[in-house]
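**Student:** Need the complex rebuilt from these two chains, each delivered in its own frame; the hints are there to steer you.
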Amino acid sequence: MTITRKTATVALTLTLSFFATGCKKKTGAPTPPSKPAVERPPDPKPVARPIVKFFTAEPTTIEKGQASSLKWEVAGADTVSIDQGIGTVGSNSATIAGNRSVFPSATTTYTLTARNAGGSVTDSVTVNVTNPPPPTVTPTPAPKATFSEVIAREIQDVYFDFDKSDVREDARNTLTQNADKLKTIFRDYPNGSLTIEGHADERGSAEYNLGLGDRRAIAAKEFLVQLGVPGDRLRTLSYGKERPQCTDNNEGCWQKNRRAHFTGQ
Amino acid sequence: MKLLLASIACSLTLAAQQRPDIIGQIVGTQKATIAIPDLRGAGRASEQMNILNATLWRDIEDAAIFKMAPKSMYALRIPQQPQDFRKPLQYDPNNRNAAPWLQDWSDPPVNADFLAFGYAAEQEGKLVLFGWLFNVRQPDITSAQVIGKLYTATLDEAGARKVAHEFATDILRQFGVESLAGSKVYFVSNRSGTKEIWSMDYDGAGQKQVTSYKSITTMPSISPDGTRLAFTSWTPNGPQILVHSLETMRRIPFYNPRAGTNQNASYTPDGKMMAFSSSASGFSQIYLANADGSNLRRVTQTRAVEVEPKVNPKTGGEVVFVSGRGGSPQVYKMNIEGADVQRLTTGEGQATNPSWNPQGTHIAFAWTRGYDPGNFNIFVMDVATGNYVQLTSGAGRNENPSWAPDGKHIVFASDRGGRMQIWSMLADGSQLRQLTSSGINEKPVWSK
Numbered sequence: 126m127t128i129t130r131k132t133a134t135v136a137l138t139l140t141l142s143f144f145a146t147g148c149k150k151k152t153g154a155p156t157p158p159s160k161p162a163v164e165r166p167p168d169p170k171p172v173a174r175p176i177v178k179f180f181t182a183e184p185t186t187i188e189k190g191q192a193s194s195l196k197w198e199v200a201g202a203d204t205v206s207i208d209q210g211i212g213t214v215g216s217n218s219a220t221i222a223g224n225r226s227v228f229p230s231a232t233t234t235y236t237l238t239a240r241n242a243g244g245s246v247t248d249s250v251t252v253n254v255t256n257p258p259p260p261t262v263t264p265t266p267a268p269k270a271t272f273s274e275v276i277a278r279e280i281q282d283v284y285f286d287f288d289k290s291d292v293r294e295d296a297r298n299t300l301t302q303n304a305d306k307l308k309t310i311f312r313d314y315p316n317g318s319l320t321i322e323g324h325a326d327e328r329g330s331a332e333y334n335l336g337l338g339d340r341r342a343i344a345a346k347e348f349l350v351q352l353g354v355p356g357d358r359l360r361t362l363s364y365g366k367e368r369p370q371c372t373d374n375n376e377g378c379w380q381k382n383r384r385a386h387f388t389g390q
Numbered sequence: 011m012k013l014l015l016a017s018i019a020c021s022l023t024l025a026a027q028q029r030p031d032i033i034g035q036i037v038g039t040q041k042a043t044i045a046i047p048d049l050r051g052a053g054r055a056s057e058q059m060n061i062l063n064a065t066l067w068r069d070i071e072d073a074a075i076f077k078m079a080p081k082s083m084y085a086l087r088i089p090q091q092p093q094d095f096r097k098p099l100q101y102d103p104n105n106r107n108a109a110p111w112l113q114d115w116s117d118p119p120v121n122a123d124f125l126a127f128g129y130a131a132e133q134e135g136k137l138v139l140f141g142w143l144f145n146v147r148q149p150d151i152t153s154a155q156v157i158g159k160l161y162t163a164t165l166d167e168a169g170a171r172k173v174a175h176e177f178a179t180d181i182l183r184q185f186g187v188e189s190l191a192g193s194k195v196y197f198v199s200n201r202s203g204t205k206e207i208w209s210m211d212y213d214g215a216g217q218k219q220v221t222s223y224k225s226i227t228t229m230p231s232i233s234p235d236g237t238r239l240a241f242t243s244w245t246p247n248g249p250q251i252l253v254h255s256l257e258t259m260r261r262i263p264f265y266n267p268r269a270g271t272n273q274n275a276s277y278t279p280d281g282k283m284m285a286f287s288s289s290a291s292g293f294s295q296i297y298l299a300n301a302d303g304s305n306l307r308r309v310t311q312t313r314a315v316e317v318e319p320k321v322n323p324k325t326g327g328e329v330v331f332v333s334g335r336g337g338s339p340q341v342y343k344m345n346i347e348g349a350d351v352q353r354l355t356t357g358e359g360q361a362t363n364p365s366w367n368p369q370g371t372h373i374a375f376a377w378t379r380g381y382d383p384g385n386f387n388i389f390v391m392d393v394a395t396g397n398y399v400q401l402t403s404g405a406g407r408n409e410n411p412s413w414a415p416d417g418k419h420i421v422f423a424s425d426r427g428g429r430m431q432i433w434s435m436l437a438d439g440s441q442l443r444q445l446t447s448s449g450i451n452e453k454p455v456w457s458k
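Respectively, the protein sequence lines represent chains S and C. For the record, in the first sequence the residue sitting at position 120 is 245 according to my numbering, with numbers rising by one throughout. For the record, in the second sequence the residue sitting at position 430 is 440 according to my numbering, with numbers rising by one throughout.
Treat the hints as calculated values from the structure; they're not laboratory data. One or more of the hints may lead you astray.
Label pairs and their in silico Cβ distance ranges [what the hints assert, rightly or not]:
#1 G281(C) <-> D291(S): 37 to 43 Å
#2 G353(S) <-> R308(C): 28 to 34 Å
#3 E358(C) <-> N256(S): 34 to 40 Å
Straight-line C-alpha distance at most 20 Å; calculated DMTMM-like pairs for lysine to aspartate or glutamate [to be verified]:
#4 K366(S) <-> D425(C)
#5 K289(S) <-> E358(C)
#6 K77(C) <-> E257(C)
#7 K289(S) <-> E367(S)
#8 K196(S) <-> D382(C)
#9 K178(S) <-> D382(C)
#10 K218(C) <-> D280(C)
#11 K178(S) <-> D203(S)
#12 K159(C) <-> D117(C)
#13 K381(S) <-> E367(S)
#14 K366(S) <-> D282(S)
#15 K381(S) <-> E279(S)
#16 K343(C) <-> E358(C)
#17 K289(S) <-> D180(C)
#18 K97(C) <-> D117(C)
#19 K381(S) <-> E294(S)
#20 K77(C) <-> D180(C)
#21 K224(C) <-> E367(S)
#22 K366(S) <-> D382(C)
#23 K41(C) <-> D117(C)
#24 K343(C) <-> E328(C)
All C-beta atoms in this analysis are idealised placements derived from N, C-alpha and C, irrespective of residue type, glycine included.
Isolated chain C (complex conformation) (with noise of 0.2 Å):
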């Protein structure tokens, strides 16, 4: 599917934009253009188009694989399935009588690359949609055929986002790329009275409470497998780290060492083992256990507050963590084993939450560089040469940024609404939307 992907690259002459190389290399510089007409629906289906048609276009958009030609450009006659189409003897675009054919969104001013058509209707009291994908560009349509699927799911909203979901989620895999439909977003909300764990679909969708200590429940983190939920929660012993299996929705064990203060774990690739802080000491440091919190041992040796450990989830031999140990608090890197530290950041304000990409590459984090104490912005960095991206600006501050599965979005928390809220981007700053607004909502983490 790469080899599909670079080839629909190399034979298009899309102008590179001008971007600095870092962001290039998240997001891409060129993409294949998608056309994605509304989609109709017969009978009671009809009721569910919009939601339908805005979930098809919002998980396409946000894969940032593809550029989108925009609506107001399409050709007047829209196939809803294949057999619509009908090659002319000779190509007219300005013949309104003629059948569609392939040109119509070849040709300008479309210029697509791919059509994703079809129409939805209820059969048997079931939302049915019926969804092609068509490479344009082909001489005629049996070659152009990509994908045709028929969805099924529940005549009702829900039913419509799923099978836009799954109708997009094959789209995508068609260019390697895993859909963001069915990842979860965990955050810290205060909307129930105190902060607690909740989680949501990548749009916001399904918000929903996942702790219950009606004290403060913060920090999450997940499993890279997505099985377990470990945060940090003020129990009669001070904050301390609890793990929650989100498979049976109960707390499994993890022993805290004797200290005032455990915090912000951060699992290996295998889900073996967990780096943590600990206060063990008298000074917060970085320490390694068994993801029960068994075989424990201390990382960083020194007497600053060291805190944030994030394990590399790609080779799980690199560490990056945050260090008051030159003064303000930057970000650091090191081995697991503790040893070649090296600071990432200039030393400038105060860095803090680092947050690998899937690929363990670059890390996103949170910056005061050039702004006043508290004023952070979020930048990303290429951890193997140093060089970093300013991705927020002049809206509030903005902290916790995480990666989405696919390695191109964000989802960070930022008070440039007024009061603190779960808010994603994709990697080059762009495509922001804001996902919560019940409560004050921080510490997104995305999980698969």
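Bound conformation, chain S alone (with noise of 0.2 Å):
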């Protein structure tokens, strides 16, 4: 309805006065009905000129195998690429912004170039990469602490990287610790068992994230069976992304979401 209830019900009134005497008799003209609005049409887009607002890697220094977050905006351009294999990540948009988490092996630099008719622009970040410290000892499990305690304590969630459930080279190294502290658990806790859940970050749908999520927990288990931890002690679960560890909209909460985590029963 175009007309608001106010004026609808003003006009009936006026209009009932003469009709509440019988239905099926004419009656007096009704007021008609205000015009509706009319709508403005959108105001021209300006034109614009490529401007990279910033581009930025944070942390600027990691340690191998860890991540850090490139984050860009650009204003004006009809693309922007990064270098490095990363490619065209936005294109004929007032605004192209975005992050990217990269795992340089060695010391690297980014390159970002945005371009339109009126030329190109680059601009250009380096991520400095450090050798990471030996692996920290394991404790051994206080023994009056309860199964699932014990897991919560020593087993370490391992990360993924967007709409991938490869086990990346840090998920190698937390899985190979949690494999070999599994051994000892289940050796010290007999009737344990464990279930590894599979998570997603926000940005898939959640169809496809729980089948991702259910892929990132196989990956897992699979890993840690190659490892000799007994696979009849572990369960997979999927939560895809219904049940997220944080709700931030940017890629340091995203990766804190791609990930399986382990629970033990």
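**Tutor:** Take a look at the structure:
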């Protein structure tokens, strides 16, 4: 309805004073409703030359196997691309903003190129890569703790890339440590069994993420089994994106949610 | 009735609107014009007229087969029943003392082809609507009348909605169109504290909780005859497919394959079989089984995540689904045996949530093409040609489109207003309406 309820009510009240005598009788002419509001056409978009508002890496120094997040915002570009195999990251939008996790194995300089009909603009950042310290020594679990407490304390989450279920290098290290600990823990707790939960970040569809979470949990399980952890004590459970650890709209949070998480029963 | 509509379209000289062909195929480009002046009510019926008139207007407008003549153009002399018309010796639009006549509506500025009119009254405690539909291009009253009918309901808001829906349904039937009134939208809401399946009328009225598992219950799917609801719920065995009868509202058997994840049920047109996604092989893959889960067959054979099979509701022989076999998730098509696999989307971005129109010719789906990951928009594709159009843009994340039984409307979820809510629109992106507002609401499916 294009008229407001109030207008309709007023019109109705006016006309019904004639009308109330009998519905089948002819009645006076009702007041026509007011004209609908006319929508204003949108203002034309201004033409802009590409401007790189920012292009950063956080952190700029990482340990080998860790992630650094590239972030950018570019105005007025037709296309924005980043070298080092990343490729085009946005096109044909007034503002092209985004971010991407990178896992360089050595110090790497990333160059962003923004283009439009007027030309191209570039900007660069360097991510310095250092070698990780030796793995920390595992403390022996306190004998009084329950199985699920030990798992919660000792077994670390492993993380995945966007839309991927491959076990990446940092996850291999974590899973190798987890496997060593699990063999001991399973010996100490012969009735305990482990659930590997697969999770995904919020960006993909819930349906695809449920399948992806399943894959991540299974990939973690297969890796542990290869290292000698008994498979019959490992169960996988996908939550997709239904149980996120955090709900912020940034790569730091998304990375926390792209994980396999371990719980003991 | 189709002949009637075609002849109307031919006799009119309506300027064809400039729309992409694909949308023209779906929503039509040539339309007859209908005028619906506000009906008036006598006695206690008068209190219900706002809701009655709004419901009638919306049902007719939503059907998208008419151009709605704007009310501001209407004649001052509005008929309430056929006897109000008096054929003048010489028609004079400026004679304010003349009785109503058909040309008041067929001539400029109204330029209508059809006029719906009538009135409502209270009769023995009931609400009674007298409704007429006239073809105002006819020379006299007798030949002009298309519908003249009485509708009765309780004298309250629900009754006003009911008689308006029934009158609208009768009008639309004259043009070979089934009204959306009476169709239901099933969706997921967390307003009870956990995600459960809910239902509502197509216009957002009557929202009701359907399941109560107090777990995570999502991804509803309705059998073609509207009697069964399949969905995915987290059980002690993980996310599994459960089925309810919508007649008894009780759970009926479905045997899930032994797998960490079983999800995305889609019935065949005869309701006897179901396609779904199962990770029994270690990867989510497409399976086909009887409607109770027996006679299981694996349909796809890849080492990739494959979900959301949707069986063509017309042919039953084709399935669209989402696969990561080429890298990022894209929409693919295959026959129901798993052969003739073809990628439908271009490979750009992530494409997901395919949904067939009832005619089995087009799919609506969500795609991030041209945007960052997660920024989905609704697209429609002609499956035979692969041509597609984008329906939403610049308004949040838009996903899970589902076609109305009329094949012209789409219900979808969008967070354009902040939180994810259910919206409906005409398949050309117009007639946008928000249907929910309480809690977070997602994954709508439009059922008969």
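**Student:** Go through the numbered hints given earlier and state which of them the structure violates, listing their numbers in rising order.
**Tutor:** Numbers 6, 10, 12, 17, in rising order.
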